[in-house]
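Residue numbers (the numbering used here), protein chains in the order written: chain A, 2 to 255; chain B, 249 to 529.
Bear in mind the hints are in silico, worked out from the structure with no lab data behind them. Quick caveat, the model's predicted, so the values are computed rather than measured. Heads up, a few of these hints could be off.
Listed next, the in silico BS3-like pairs over lysine-lysine satisfying Cα-Cα at most 30 Å (straight line) [unchecked claim]:
1) A:Lys146 <-> B:Lys387
2) A:Lys104 <-> B:Lys336
3) B:Lys387 <-> A:Lys104
Estimated spans, in silico, between C-beta atoms of each pair [as the list claims (entries may be wrong)]:
4) B:Lys316 <-> A:Glu191: 32 to 42 Å
5) B:Gly326 <-> A:Asn211: 33 to 43 Å
6) B:Ala373 <-> A:Glu121: 22 to 32 Å
7) A:Phe153 <-> B:His318: 29 to 39 Å
8) B:Ile377 <-> A:Glu121: 20 to 30 Å
9) B:Tyr310 <-> A:Gly120: 22 to 32 Å
10) B:Leu322 <-> A:Glu236: 29 to 39 Å
11) B:Tyr369 <-> A:Gly120: 26 to 36 Å
12) B:Phe306 <-> A:Gly120: 17 to 27 Å
13) B:Gly449 <-> A:Gly139: 45 to 55 Å
14) A:Gln149 <-> B:Tyr310: 47 to 57 Å
15) B:Gly326 <-> A:Arg194: 30 to 40 Å
Quick reminder that beta carbons are idealized off the backbone N, C-alpha and C, glycines included.
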Amino acid sequence: MLKVKGISCYFGGVAALINVSLRVGDNELVGLMGPNGAGKTTLFNVISNFVSPAKGKVYLKGEEITHLPPYNIVKKGLARTFQDVRVFNHLTVLENVEIAVPKSRDISFWRGIFPTFNGELIKRFVKNAAIECLELVGLSNLRNKSSQSLTFGQQRLLGIARALALRPYILLLDEPSAGLNKNETNALLEVIRKIHKRNIAILIIEHNINMLMRLAQRIVVLDRGKKIVEGTPDEVREEEAVMKAYFGREKCLV
Amino acid sequence: MLSVSLALLMGLAGQVSLGHAAFFGIGAYASSILSTMYGLPVLLSIPLATTVGMGMGFLIGYPVLKLKSHYLSLATLGIGIAVQEFFKAAQPITGGETGLYNLPDIKIDNFEFSSPLAHYYVVWAFALITIFFCDRLSKSFFGKRLIAIHSDEQAAESVGINVFWAKVYVFTFSSALAAFAGSLFAHCSYGAIEPGEFGVGLSIKIVIMVVIGGMYSVYGATMGAIIVSLLPEIIRRLGGFTSMDLTYLTYIQDIVFAVILIIFIIFTPQGIIGKKANKNA
Numbered sequence: 002m003l004k005v006k007g008i009s010c011y012f013g014g015v016a017a018l019i020n021v022s023l024r025v026g027d028n029e030l031v032g033l034m035g036p037n038g039a040g041k042t043t044l045f046n047v048i049s050n051f052v053s054p055a056k057g058k059v060y061l062k063g064e065e066i067t068h069l070p071p072y073n074i075v076k077k078g079l080a081r082t083f084q085d086v087r088v089f090n091h092l093t094v095l096e097n098v099e100i101a102v103p104k105s106r107d108i109s110f111w112r113g114i115f116p117t118f119n120g121e122l123i124k125r126f127v128k129n130a131a132i133e134c135l136e137l138v139g140l141s142n143l144r145n146k147s148s149q150s151l152t153f154g155q156q157r158l159l160g161i162a163r164a165l166a167l168r169p170y171i172l173l174l175d176e177p178s179a180g181l182n183k184n185e186t187n188a189l190l191e192v193i194r195k196i197h198k199r200n201i202a203i204l205i206i207e208h209n210i211n212m213l214m215r216l217a218q219r220i221v222v223l224d225r226g227k228k229i230v231e232g233t234p235d236e237v238r239e240e241e242a243v244m245k246a247y248f249g250r251e252k253c254l255v
Numbered sequence: 249m250l251s252v253s254l255a256l257l258m259g260l261a262g263q264v265s266l267g268h269a270a271f272f273g274i275g276a277y278a279s280s281i282l283s284t285m286y287g288l289p290v291l292l293s294i295p296l297a298t299t300v301g302m303g304m305g306f307l308i309g310y311p312v313l314k315l316k317s318h319y320l321s322l323a324t325l326g327i328g329i330a331v332q333e334f335f336k337a338a339q340p341i342t343g344g345e346t347g348l349y350n351l352p353d354i355k356i357d358n359f360e361f362s363s364p365l366a367h368y369y370v371v372w373a374f375a376l377i378t379i380f381f382c383d384r385l386s387k388s389f390f391g392k393r394l395i396a397i398h399s400d401e402q403a404a405e406s407v408g409i410n411v412f413w414a415k416v417y418v419f420t421f422s423s424a425l426a427a428f429a430g431s432l433f434a435h436c437s438y439g440a441i442e443p444g445e446f447g448v449g450l451s452i453k454i455v456i457m458v459v460i461g462g463m464y465s466v467y468g469a470t471m472g473a474i475i476v477s478l479l480p481e482i483i484r485r486l487g488g489f490t491s492m493d494l495t496y497l498t499y500i501q502d503i504v505f506a507v508i509l510i511i512f513i514i515f516t517p518q519g520i521i522g523k524k525a526n527k528n529a
């Protein structure tokens with residue numbers, strides 16, 4: 002499904018990613034772990050081409066997407082969410098999702114001005130598709146609220162619904178549980194499982210190691226821009242290096 | 249109408265243009281030149297002028313929209329000044345500083361819209377049509393995509409929106425509308441135009457209209473336009489009571505505008521209509 006090959010990326014003189022390779026198989030759920038600043042989000046940005054890598058290639062379903070503009074990568078079937086949520090203010094919950102439904106792009110500039118019968122059909126189709134995505138994350142009853150009025154946890158879910166509306170083959174989730182309380186995290190876990198059941202591959206950045214252990218089929222650990230460990234959750238748990246990089250650093254921070 | 253055209257650009261897509269008067273002027277001059285020098289009927293010169301404005305909008309918008317936020321504003325400001333200077337300098341076709349005069353009125357068969365009242369109705373009719381269609385546009389998925397771009401360009405790209413082209417589209421359309429408004433202005437304003445009318449002052453006035461009325465709504469921009477055009481009149485009346493000198497009054501006008509703008513930006517960045525819409529939500 003997704004293949005990342007030998008990615009290196011520099012910001013100024015600092016190496017954010019060094020020769021990182023990674024694979025996500027069809028319908029696989031892969032966790033991406035590592036301390037702050039390890040380059041996890043940068044890797045996401047490279048995959049969705051918000052950041053161009055200095056070296057390396059990204060393939061989606063065998064097709065190279067390294068240099069495609071972000072909006073085209075989306076059309077190839079790769080969707081992502083953001084750590085800082087980024088819902089569209091001034092649009093309602095439903096509208097946020099609607100504009101992500103690919104069919105809504107059929108409403109071009111001219112169709113926006115002049116009403117057509119077909120336009121009404123598209124509108125109805127898009128609305129139903131959007132509601133379906135909102136139902137999946139459990140927000141459909143809030144659909145007419147302004148997106149700013151949602152709690153942080155709900156905005157996260159909205160971000161996921163928005164990404165789902167794109168009908169992706171693979172979904173990149175950037176720390177979906179950060180800043181959520183325990184109940185919200187459990188609800189999120191359910192949502193992720195549901196998405197996975199729909200045959201959508203998932204690559205997820207997650208700090209919460211326990212959650213990842215329960216969820217992921219495979220875990221990749223980054224540290225200081227390098228991949229240091231890869232394996233099943235149990236294998237990774239045993240890996241001393243992770244413990245050092247992860248918990249050692251965290252203790253130092255406290 | 250001009251305000252509505254900018255509201256589309258600035259309000260929905262969040263691109264601040266400080267050179268919108270340029271397109272207004274391009275429309276006015278294009279239509280004037282076509283109708284006086286080439287003797288085209290006004291009914292033909294207006295659409296042609298609109299097309300010219302659209303073309304210019306695309307040609308300018310395409311390179312300029314690669315810039316972001318305040319860089320974009322500066323570039324458009326520069327273009328606004330450049331275009332105005334062109335009007336002044338290109339004497340043979342634009343009449344230089346004195347501008348163009350003896351412009352024909354809108355004519356259908358033998359019926360001429362020549363009285364001020366007729367002008368008034370023509371302009372309002374077109375303004376209402378513009379408002380109606382722009383409002384439709386802003387509520388369509390296209391409009392919502394623009395709003396999304398306004399709030400977060402990267403996130404907008406992440407849902408598959410071609411941000412750059414969407415911006416070029418609105419910029420072009422907005423320029424065409426401004427040119428259309430300009431060409432109407434040329435034929436409905438005492439039959440004369442001069443470069444001073446299409447300066448940065450007007451551009452900023454349009455921005456004020458949009459800010460006061462509310463960025464996210466076409467009706468807001470209309471209201472802003474009405475308020476901004478009425479305000480000088482009100483001040484003049486008030487000034488009449490105090491029997492102040494007219495030059496002083498123009499200064500006071502500018503100060504009042506500035507104060508109002510600052511107040512609005514600080515307290516209701518969404519404008520009058522925007523505020524109401526939010527309460528309903």
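Do the hints match the structure? See the list:
| no. | hint | in the structure |
| --- | --- | --- |
| 1 | A:Lys146 <-> B:Lys387 | 17 Å, holds |
| 2 | A:Lys104 <-> B:Lys336 | 49 Å, violated |
| 3 | B:Lys387 <-> A:Lys104 | 16 Å, holds |
| 4 | B:Lys316 <-> A:Glu191: 32 to 42 Å | 40 Å, holds |
| 5 | B:Gly326 <-> A:Asn211: 33 to 43 Å | 57 Å, violated |
| 6 | B:Ala373 <-> A:Glu121: 22 to 32 Å | 28 Å, holds |
| 7 | A:Phe153 <-> B:His318: 29 to 39 Å | 30 Å, holds |
| 8 | B:Ile377 <-> A:Glu121: 20 to 30 Å | 22 Å, holds |
| 9 | B:Tyr310 <-> A:Gly120: 22 to 32 Å | 28 Å, holds |
| 10 | B:Leu322 <-> A:Glu236: 29 to 39 Å | 56 Å, violated |
| 11 | B:Tyr369 <-> A:Gly120: 26 to 36 Å | 32 Å, holds |
| 12 | B:Phe306 <-> A:Gly120: 17 to 27 Å | 25 Å, holds |
| 13 | B:Gly449 <-> A:Gly139: 45 to 55 Å | 53 Å, holds |
| 14 | A:Gln149 <-> B:Tyr310: 47 to 57 Å | 33 Å, violated |
| 15 | B:Gly326 <-> A:Arg194: 30 to 40 Å | 55 Å, violated |
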